[in-house]
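Peer 1: Here are the chains, one letter per residue:
There are 2 protein chains.
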Amino acid sequence: MNFKIIENGSVTTPTGFKAAGVTCGLKKSGKPDLAMVASELPCSFGAAFTTCNFAAAPVQVSRSRAEHEKTVRAIVINSGNANACTGARGIADAEATCAAAAAKLGIPAREVWVASTGRIGVRMPMATIEKGVGMAVEALSADGGIAAAEAIMTTDTVRKNVAAEITADGGKIHIGAMVKGVGMIDPQLRAVPHATMICVVTTDAGISNTQLAGMVGAGVEDSFNRITVDGDMSTNDTVLVMANGASGVNVAPGSELESAFAAALLKIMQILARKQVMDGEGATKFVEIDVVKATDVETAKLCAEAVANSLLCKTAWFGGDPNWGRVVAALGYSGAKFDPDKVNVFYNDKPVVIDGCDSGVAESELAKELKNREFKILVELNNGDADYWVWTSDVSYEYVKINAEYHT
Amino acid sequence: MNFKIIENGSVTTPTGFKAAGVTCGLKKSGKPDLAMVASELPCSFGAAFTTCNFAAAPVQVSRSRAEHEKTVRAIVINSGNANACTGARGIADAEATCAAAAAKLGIPAREVWVASTGRIGVRMPMATIEKGVGMAVEALSADGGIAAAEAIMTTDTVRKNVAAEITADGGKIHIGAMVKGVGMIDPQLRAVPHATMICVVTTDAGISNTQLAGMVGAGVEDSFNRITVDGDMSTNDTVLVMANGASGVNVAPGSELESAFAAALLKIMQILARKQVMDGEGATKFVEIDVVKATDVETAKLCAEAVANSLLCKTAWFGGDPNWGRVVAALGYSGAKFDPDKVNVFYNDKPVVIDGCDSGVAESELAKELKNREFKILVELNNGDADYWVWTSDVSYEYVKINAEYHT
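Protein sequences, first through last, are from chains A and B.
The numbering used here numbers the first residue of the first sequence as 7 and each following residue consecutively.
The numbering used here numbers the first residue of the second sequence as 7 and each following residue consecutively.
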C-alpha cells in the first residue's frame, strides 16, 4: 500500500481540521505570531516533548494533558515568547491560554494544548495572548493551514508544511503537518525531539493513542532526532499528532494500512526535518553524515554526531575546505571504539581516506564535492554491520550574525 | 614556601636547558616552524597525551618513549604539518626525525621525543624536517626559549611562555614553560590534555618520574582540561615536563618543597591555559563558568561544559547579548540532574536568574557586564557543595573566518 506526498499540503489538508495564523503583537517585527489548529471532533493523539531539565511552562502543561487525558481538540502555538523559566506564574499563564481558547471554542480546557517559542525568561503578556486567541478562533478556517505554518516561524526563513494521502480500501486518509525551528537544534537525546522545534501533525484517520505513541516515538527517532544545526536543545520542543477519524477509515492494529500510515508519517517527519536543516540558521550547506559498518549503532551514532557537531568541520564546510583531518579528529575524539587503520571516508563517491590515510585523490577534486549545496560524508568503520546517519548544516558568518544579534 | 612568577620566562630559564626556533620551510607563510628543547643532562619526566582514537604518529612515538624509557634529553616540535593519519609511513618519519636529532646531538634516539602540529593527513616532508633539525641543533642556545615558543605557533597570535622561581633551602629552582594552541580546544576527556596543544615544561629541579607523573596528571586536570575554545579535540596533544636536576636541589617526596613545586607547576599550567583561551581563535571574550553547590563534581562539570560549549551562548557573548535563556537551556540539556526552581545565575556579581526565574535586573545592567573583555557566569545549583569551573571564549565572525579559510 502506497502513499503520495502533497508538497504544499498543510494541517488543514485532512478532513475536519481548521487552522489560523494571526498577528496579535507578541513579535516586535509585526509578523504573524499566534497559530491555532482545531478539530471539530475529539482526537486521539501521540506526542513527544523536550527532555530539557528546564522544560518550559507550556511543555509542562501540555505534557500533563498528554499523561492524563485521552483526547485533544485544539492547540494554541505562539511565537515571540517561550514562557520558559517563568515559574508558577508561567504555568498559570499557560493554563489561562488554554482556558481562553476553550471558552471561545466551547470545549473543555483539558482538551486544549499550548506550545510556545521565542525569548526565554520573559513573562507572557496575557492581554496580548488573549486577544490573539480571540482573533485566531475568529479566523479558523478549513484552508488556514498555511497561515498557521507562517505564524509559528521565528528565525525560520520559509514556512515548513507538507501533507500525504493514502488510498485505503475504505477511502482516502490524509496526514498534514507543519514544523518550525532552525536554531537550538540538536539530536543528542533519545525517543524525544529536541531543538526549538514545534511540530503539529493532523490526520483524519481513525487510530488509537497506543498506535500513535509507538509511531511518534519511532518517527521522531528517525527524523527530528537525526538533525542538528547547532548542538543546542531547547526548553520548548513539542510534537503533537492529532487524529480525528473524520475520514471514516479506521487504521486497524497490525494491518497493511497501519504500515502504510506509519511509513507516511515517518516520511512527513523526515521531509520536515530536512526542511529544518536546509533552513538552518545561516546554513549554506546540507550535509548527510553516514557512518556504516560499525560494531553497533551506538558506535556509529557517536561518530556521526561528533562530526555533525564539530565546529571545525562546520566552518570548513562553509569555507568549502576539504580538510578531512577535522573529520577524522572528530571521529577520534567521539568516544567510539574502532580501528583507525580500517577507516575509510568518502565525500559523495570520492575516496578521501582509505585505511586511515590520505586516499591520494587531489584536494581540488574533493573541493568540487563540497561546492554542492548538498553533499554526503560517508564513513566506513569496517568493524561490523551497524550504521547511523544524521543531517546537519554548516556554520557561516550569517549564523554568528543571527545569534549574536537575535532578540525575537 | 612560596614561588614567584617570571612573566617573560621560558623553557631556557631553568639551568642546563637550551632551545631554538628556526624556519625550515614547513609553513607556506615563511614563519618559524621548528623548535627544539634540549638538556645537557638526562631528564626525568612526566607527560600526557591526547586520548583521540586517531593519535598522530609523533604522539605514538613519544608515548612509546614515555612507556619504555626512564629519561629524555630533547624534544623536536614542528608546526605546519601534524603527521597524523599518515600510517606506518608517518611512524617511520617521526622515528627518523628523532634519529636525525639524536645523531646531531650525540645522544641515543630513544632519548628524543617529537611533537607535531598543523595539517592532518599530509606526509611529512622529511628533507625539510632534517634540514630543520640540523638548523635547530646549530641554533640551540641558553636564551633560545623565546624563539622556540614562537616556532610552535600555528593560529596563535601571540607566543605563550612563562617561568617560575622557587627559593629552597639548598638554592633556587626554576620551572620554565611554553605552550601553543588556540583552536581544536576542548576539555571533555579526563586526566589528559586535549586541544591542538603542545606544552613543554623544563625544570632544573631534581625530581623523579613518579613524582612528576602525579603532578602532571593533577596539573592538566585543573588547567588544560578546564579550557575549551571550540569543543574539538586534537590528534596531536602533547605535554612534556622535563627535569634535569641541574640546580642541585632535590625535591624530596612529601617535603614542603614538593608542595611548593607542585603549586608552581600548576600555576604555570593555569597561566598558559588562560593565555590559550585569551588567544582563542577569533576570541573577543574570556568567560569563566563557575558552577557551585552541586550534588557532585560530575553534575557541576556537565553543567559548566554544556554552557561553555553552547554555540548559542558563545555567539550571544560575542554579541554582548545577556540572553540568559541560552544559559539555562544549556544547563537543562546538559544531562545533569538538579532542581530548576533552585537555580541562581549571576553575571559577575549581578543576579540574572533567581530560583529559576528572571531576577528582575534590567537587561541593560546585565549587558554592561558582558561588555567586559573578561566576565564570570556563576551558576548556583543549591543542591549540594561540589563545584567545577571552566574557561572559555566566544565565537565571532573572525572564528568562522579563521576556520573556513585555514590551511596552515
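I should point out that these hints are in silico values taken from the structure, not numbers from a laboratory.
Each hint should be verified, as a subset may be incorrect.
Here are the simulated DSSO-like cross-link-like pairs (lysine-lysine), alpha carbons at most 30 Å apart as the crow flies [said to hold, decoys possible]:
1) B/K374 <-> A/K407
2) B/K343 <-> A/K343
3) A/K33 <-> B/K356
4) A/K407 <-> B/K273
5) A/K377 <-> B/K407
6) B/K374 <-> B/K356
7) A/K110 <-> A/K33
8) B/K348 <-> B/K273
9) A/K356 <-> B/K407
10) A/K76 <-> A/K110
11) B/K407 <-> B/K382
12) B/K34 <-> B/K137
13) A/K10 <-> A/K33
14) A/K178 <-> A/K281
15) B/K407 <-> A/K382
16) B/K281 <-> B/K37
17) A/K407 <-> B/K178
18) A/K34 <-> B/K377
19) A/K382 <-> A/K37
20) A/K33 <-> B/K281
21) B/K76 <-> A/K34
22) B/K377 <-> A/K33
23) A/K34 <-> B/K178
24) B/K178 <-> A/K281
25) B/K10 <-> B/K178
26) A/K273 <-> A/K76
Covered, in the sense of this in silico footprint (three residues per stretch, anywhere, with C-beta under 8 Å from a C-beta of chain A), are these stretches of chain B [claimed, not checked]:
27) 119-129
28) 137-149
These numbers come from a predicted model, not from an experiment.
For glycine and all other residues, C-beta sits at the position ideal for the given N, C-alpha and C.
Peer 1: Would you mind marking each hint as holding or not holding in the structure?
Peer 2: Here's how the hints hold up against the structure:
no.: 1; hint: B/K374 <-> A/K407; in the structure: 20 Å, holds
no.: 2; hint: B/K343 <-> A/K343; in the structure: 28 Å, holds
no.: 3; hint: A/K33 <-> B/K356; in the structure: 28 Å, holds
no.: 4; hint: A/K407 <-> B/K273; in the structure: 37 Å, violated
no.: 5; hint: A/K377 <-> B/K407; in the structure: 17 Å, holds
no.: 6; hint: B/K374 <-> B/K356; in the structure: 10 Å, holds
no.: 7; hint: A/K110 <-> A/K33; in the structure: 23 Å, holds
no.: 8; hint: B/K348 <-> B/K273; in the structure: 34 Å, violated
no.: 9; hint: A/K356 <-> B/K407; in the structure: 26 Å, holds
no.: 10; hint: A/K76 <-> A/K110; in the structure: 21 Å, holds
no.: 11; hint: B/K407 <-> B/K382; in the structure: 26 Å, holds
no.: 12; hint: B/K34 <-> B/K137; in the structure: 16 Å, holds
no.: 13; hint: A/K10 <-> A/K33; in the structure: 36 Å, violated
no.: 14; hint: A/K178 <-> A/K281; in the structure: 26 Å, holds
no.: 15; hint: B/K407 <-> A/K382; in the structure: 23 Å, holds
no.: 16; hint: B/K281 <-> B/K37; in the structure: 21 Å, holds
no.: 17; hint: A/K407 <-> B/K178; in the structure: 53 Å, violated
no.: 18; hint: A/K34 <-> B/K377; in the structure: 25 Å, holds
no.: 19; hint: A/K382 <-> A/K37; in the structure: 36 Å, violated
no.: 20; hint: A/K33 <-> B/K281; in the structure: 42 Å, violated
no.: 21; hint: B/K76 <-> A/K34; in the structure: 68 Å, violated
no.: 22; hint: B/K377 <-> A/K33; in the structure: 26 Å, holds
no.: 23; hint: A/K34 <-> B/K178; in the structure: 66 Å, violated
no.: 24; hint: B/K178 <-> A/K281; in the structure: 66 Å, violated
no.: 25; hint: B/K10 <-> B/K178; in the structure: 11 Å, holds
no.: 26; hint: A/K273 <-> A/K76; in the structure: 26 Å, holds
no.: 27; hint: 119-129; in the structure: holds (count 5)
no.: 28; hint: 137-149; in the structure: violated (count 0)
The earlier numbered hints that this structure contradicts are 4, 8, 13, 17, 19, 20, 21, 23, 24, 28.
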